[in-house]
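Hints in hand, dock the two standalone chains.
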Amino acid sequence: MMDERILLVEDDPSIREITALGLGRAGFRVTTTADGRDGLSRARRDPFDLLLIDVMLPTLDGFEICREIRKDSRIPVIMLTAKTDTTDIIVGLELGADDYITKPFELPELVARVRAVLRRSRADREEPTIQVGDLEIDPAGFSARKGGSDLSLTATEFRLLLELARRPGQVMTREILLQRVWNYDYLGDSRLVDVAVQRLRAKVEDDPAEPRLIKTVRGVGYRLERT
Amino acid sequence: MHRHVAAPARLRRRIAVSFILVAGISAAALAVGSFLLVRQSRLSESVERSLNQARLNLAFARQNLAGRPTPKALRPLFDFYAEGGFDTVVISGSRVLGARKPSFSSATIPEDLRRLVLSGQLAYERADVDGIPELVVGGQVPDRSTELYFFFSEQSLQRDLRQLGFVLGIGWAAAVVLAALAGLVLARRTLGPVARASEAARSLAEGLLDTRLPVETRDEFGTWAASFNEMAQALEDKIAALSEARERERRFTSDVAHELRTPLAALVSEASMVREHLEQMPEGARRPAELLVADVGRLRKLVDDLIEVSRLDAGTEAVRVEPLDLRSLTDACIRSRGWADRVELTGPGDDPVVVESDRPRLERVVANLVGNAVEHGRRGVTVRVGREATAALVEVTDVGPGIPPEHLPHLFERFYKADPSRSGPGSGLGLAIALENARLLGGDIEVWSEPGRGSRFTLRLPVSEPLPGGHGGVAPSEQAEVRQPEKEVGT
Numbered sequence: 007m008m009d010e011r012i013l014l015v016e017d018d019p020s021i022r023e024i025t026a027l028g029l030g031r032a033g034f035r036v037t038t039t040a041d042g043r044d045g046l047s048r049a050r051r052d053p054f055d056l057l058l059i060d061v062m063l064p065t066l067d068g069f070e071i072c073r074e075i076r077k078d079s080r081i082p083v084i085m086l087t088a089k090t091d092t093t094d095i096i097v098g099l100e101l102g103a104d105d106y107i108t109k110p111f112e113l114p115e116l117v118a119r120v121r122a123v124l125r126r127s128r129a130d131r132e133e134p135t136i137q138v139g140d141l142e143i144d145p146a147g148f149s150a151r152k153g154g155s156d157l158s159l160t161a162t163e164f165r166l167l168l169e170l171a172r173r174p175g176q177v178m179t180r181e182i183l184l185q186r187v188w189n190y191d192y193l194g195d196s197r198l199v200d201v202a203v204q205r206l207r208a209k210v211e212d213d214p215a216e217p218r219l220i221k222t223v224r225g226v227g228y229r230l231e232r233t
Numbered sequence: 012m013h014r015h016v017a018a019p020a021r022l023r024r025r026i027a028v029s030f031i032l033v034a035g036i037s038a039a040a041l042a043v044g045s046f047l048l049v050r051q052s053r054l055s056e057s058v059e060r061s062l063n064q065a066r067l068n069l070a071f072a073r074q075n076l077a078g079r080p081t082p083k084a085l086r087p088l089f090d091f092y093a094e095g096g097f098d099t100v101v102i103s104g105s106r107v108l109g110a111r112k113p114s115f116s117s118a119t120i121p122e123d124l125r126r127l128v129l130s131g132q133l134a135y136e137r138a139d140v141d142g143i144p145e146l147v148v149g150g151q152v153p154d155r156s157t158e159l160y161f162f163f164s165e166q167s168l169q170r171d172l173r174q175l176g177f178v179l180g181i182g183w184a185a186a187v188v189l190a191a192l193a194g195l196v197l198a199r200r201t202l203g204p205v206a207r208a209s210e211a212a213r214s215l216a217e218g219l220l221d222t223r224l225p226v227e228t229r230d231e232f233g234t235w236a237a238s239f240n241e242m243a244q245a246l247e248d249k250i251a252a253l254s255e256a257r258e259r260e261r262r263f264t265s266d267v268a269h270e271l272r273t274p275l276a277a278l279v280s281e282a283s284m285v286r287e288h289l290e291q292m293p294e295g296a297r298r299p300a301e302l303l304v305a306d307v308g309r310l311r312k313l314v315d316d317l318i319e320v321s322r323l324d325a326g327t328e329a330v331r332v333e334p335l336d337l338r339s340l341t342d343a344c345i346r347s348r349g350w351a352d353r354v355e356l357t358g359p360g361d362d363p364v365v366v367e368s369d370r371p372r373l374e375r376v377v378a379n380l381v382g383n384a385v386e387h388g389r390r391g392v393t394v395r396v397g398r399e400a401t402a403a404l405v406e407v408t409d410v411g412p413g414i415p416p417e418h419l420p421h422l423f424e425r426f427y428k429a430d431p432s433r434s435g436p437g438s439g440l441g442l443a444i445a446l447e448n449a450r451l452l453g454g455d456i457e458v459w460s461e462p463g464r465g466s467r468f469t470l471r472l473p474v475s476e477p478l479p480g481g482h483g484g485v486a487p488s489e490q491a492e493v494r495q496p497e498k499e500v501g502t
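Residue numbers (our numbering), protein chains in the order written: chain L, 7 to 233; chain R, 12 to 502.
Chain R on its own, in the form it takes in the complex (with noise of 0.2 Å):
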């Protein structure tokens, strides 16, 4: 149960987690591309126009320095670069002649650049000076073993590259984020219906009959609540013929039973009249008036069975628990029908066999075990009371003929008889009976058999604790319990 419960939101985290996934990876492609691409063109940009601009630099300082550069030649070249935004450093040979910031040195000129320069290419460099991110450029003036070195800053440049990174960062992350809303809600959306159906199901299942989903979508899910609305109509009209044919039925057997209640009341009185003057009978007329006789007590059996049945059927039948000695009800059941001379009842020695039961109806059903066995059990009978661990028990074995295995899932089936042409005393609804009755008890009947070799039948009841003081068959009534009340009594 649980698991069902489970899956649905399982099934949505995964809907949620691969969206995310695609969403991320395809974002983060995007962003790390694009990225890469504009950092790309503007450091080669950054680095074409600088490279422009030394060269026009380098030019100017061609025309300008004669002979060896001093400070004082160099003014003019300075006061020109000043113009272009950028920083100039001018060494020949090992010497500074002129930095426009006074910490610039040979040291700051990255050695690598400097070889490079000095084979007379114009060449360039990316350095960090003073924490300031700087595309270097050198050149050297021909002939005059001058170097020129400017200082091109790309700070800006890195701090738009470090704002792009920034907002392409936010970028994803807000696409990550969309992603999973939208996952989840589309999970949701999916799933939804799944929950609702499995729901429905359920409570289809737990016999709700009337259940039913709302058709809100003209997609598939729609579809599908349309069909299971369709199952669930066909299933609920099928109960209710089936439930309507199985109360008419029930009205049937208890409408019968109550209508054959007068007659039968006719005639048992008469046939009690009949018996009294079986003596003067003629003699053609003897036997079968016998026969009339005890064909109206069987018949009478019949209705007092259909009618039990019908108050089962019902299901308005009324428990009154009290606590019962299972031994001292069981002896008492076969001496009050005269069985024991033909019954051997043993039991667990003097303790008493104490269950929460009622009375009347518990001797129904014993008596209807014991009756059975005793009629059908050519040899002797044996009625063993007895106690297991959540139960008490009543066994009535008997050495009579035996029950065939196949009529044996049968046996306590209304009107069911093992040997269709042999019709015995009973009504063939005292087993079904009993079987009600024992499980309106809370109990069960059990039964084995062999055929050749007789049958056991054991009813099997829920036990309680001994009374308080041992002395089990005495019930005090202020314990009795009342499990469903007995109609109001009128005054």
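Next up, chain L with everything else stripped away, as it sits in the complex (with noise of 0.2 Å):
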């Protein structure tokens, strides 16, 4: 369980050593990095269980960092930013990160996201391929398939679809979706679940204007079928 190897990469000295020392006390063995280039190139390298990447970097930006990441790896991806910046984070999300967290932040509270980012990432691990009419949703490898084809689907796309696959039939809130999808709490913007929904039913409806697999319950949120 303890000793999970997690690389930071960072810019800022202070925030360096004071979050790879919190980490270190919580029993975490921390590598960290000031560079993008060098950040990449070691994720590559060196088995992490999880990354912890600031957004502005030089060399090579967070953003870059997980997208390069995302192109063969499932590893558990935390990106570090401001909290004024919400395109930052939806942006982040998209790229595939798993969670974000902003500064200033306290030592206890990255922590305790940490350890529940890992903890999903395990268990999403250990799930089960889901199966919903034609639908195949696997977890594990964090990609979907519809009739046998790959349905390449963005990394919100895929949560928000997993979302509503683990109970399907049953009405998803637009609030509930925020939450689990994006992490959201503060913002409650549920426009963004609905851009989502839209491009997601580009890619899994037949008819993406006549949805018969992701049905929207007015007011309320939206639902997978269960066919």
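Be careful, since some hints might not be right.
SDA-like mimics (lysine to any residue), calculated; alpha carbons at most 20 Å apart, straight line [as the list claims (entries may be wrong)]:
id, chain 1, residue 1, chain 2, residue 2
1, R, Lys312, L, Ala88
2, R, Lys312, R, Ser347
3, L, Lys209, L, Gly153
4, L, Lys77, L, Asp130
5, L, Lys209, L, Gly139
6, R, Lys312, L, Phe111
7, R, Lys83, R, Ala93
8, R, Lys312, L, Glu112
9, R, Lys249, R, Arg213
Far from chain L, some chain R residues (derived; all Cβ distances over 10 Å) [unchecked claim]:
id, residue
10, Leu48
11, Ser52
12, Ala84
13, Leu88
14, Phe97
15, Ser167
16, Glu247
17, Glu301
18, Arg346
19, Leu356
Note that these hints are calculated values from the structure, not bench results.
Just so it is clear, CB atoms sit at the ideal spot from N, CA and C, and this is done for glycine as well.
Okay, here's the thing in structure tokens:
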């Protein structure tokens, strides 16, 4: 359980040191680097359990690292973002980050988020493939197929589909989806959900104008039909 | 506004009317005067000529009429007269002895004239004979008791005079029309620059600071336009300088806030670790460490507020509107911050107070007002959610020390603190941010305070109708509307 390895990519020396210290005291083995490119090559070379990446980095920014890593790895990624830049948060999640934490943060909060992400990632790896109609959703492989062919969903779209598919036939409110897919507690912008559902329908439905799989429950949220 | 537009047109009309009046009256005086003069001279000339002719005729008659005139004796006389282009009537006693026109009788001769002629004078009178204006001149052949009357036609003279009158009338009318046109043209040329200038002044007032007047002439208007332009230029320069200074200030605030963010992030993490180890610290270091941790919290609040201020200044803040129940929002806001035991919430009963608003923003405003009251009000704080005709309101009342009246007008200014000697936990930006957020939501904040009695802050927001079904607080997202679209999210 303990001794999990974390790679921290953060350019500010103070934040880097105190964060490493805090995570170390919480029982993690932390490797740090200040440079984006260095961070990417270390992440590829060494077996880490989780990556903690700042968005603003010299040589290669956090988004690019995340994009590169996601090409061939499902390793958990947490982005460090500024609270005011909500677009950073959304972009990070779209690129496949598992969570984000806004600066400034207190160390207990960070440790709790890291543990939650590790736990969820382990659970995902052990979760069996979900079958809904001709949809096949594989949480461990982070991929979804329809009638045998890959849907090539973005990270956000996949997580949204997974949340809906875990409880087929059951209505998921926008608030719950925001919380589970985007980890949004304070923004409350449920339009984000609507936009993502539109995009997901375009990939999943035979006719996105006449959705048969993902139904809108007016005024409440969405539901994946059991078929 | 309308009055300003109407004035130049009225003035233009007035100038044109004055021109018409002056030109009309003087042209009329000139025309009438010259007509009368010409008429007078033509008429007296006609009388002079006719009298001379009559004297000649009478002299001729005196030589040729011997004894009682007989028609036969009159013939050479008439033959002679026929050359002269006038008609003649000869009367002897009461008998008409001869007339060139058979219709002439003694009745044709005006009575006044006959009386004068019978008294032996050479006399004349104007008369209308068979519709023809005639000058009738009469005289006696002495001792023969024979009267001769000569009819000189003045038809052509009268026609000439009528024509003259007609021509003068036409001339008068032409003068009036010309005067009207000249008046209008002059008025337009005079008042055009005035209208343009007022137009320009108005667009300056509306904020088009690059408005200028064309300097077309070298007259007073040209000078005026030039000085107007100088004024506009000075104004534009001044405002540009001011807004540049303001922009610099805003950029500075924003830069400072963002630059502070990184070291602050480190400080917050460090402080969180120090706090966990306060117990293990030596006695001498513990209290300073406690203070340090608390001050990092204050600094964090200040930087957060600065960042929010700079975002509000940038004017790019998005407002996401959805129907909200003000009462349940206020209630949740008080509970989640642990103020429930110090704050009494009253409301309008069970009815929801629905407002179209942005939830996080509205929560911040309410939290700020209630937080201030909790902090300053020593005794109970009352929060009342209510409804007025056109507004929903949240009224936060405390029975704290109150605010002296001289501070009230500045309360919402940035970094204004009513008591500079006492630095509270706030950043000094809270109320300024609350007010700006309230205004972003279409509302306002009002303050009442009396030293010794307490203060009351009232947030007013525009109201909407209750939701159909009456269950406030449920916010169907399909009805949510985004006033300012968020930045497009890349995939």
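Each hint tested on the structure:
no.	hint	result
1	R:Lys312 with L:Ala88	holds, 15 Å
2	R:Lys312 with R:Ser347	holds, 18 Å
3	L:Lys209 with L:Gly153	holds, 13 Å
4	L:Lys77 with L:Asp130	holds, 18 Å
5	L:Lys209 with L:Gly139	holds, 15 Å
6	R:Lys312 with L:Phe111	holds, 13 Å
7	R:Lys83 with R:Ala93	holds, 16 Å
8	R:Lys312 with L:Glu112	holds, 14 Å
9	R:Lys249 with R:Arg213	holds, 18 Å
10	Leu48	holds, 95 Å
11	Ser52	holds, 101 Å
12	Ala84	holds, 131 Å
13	Leu88	holds, 125 Å
14	Phe97	holds, 113 Å
15	Ser167	holds, 101 Å
16	Glu247	holds, 35 Å
17	Glu301	holds, 16 Å
18	Arg346	holds, 16 Å
19	Leu356	holds, 22 Å
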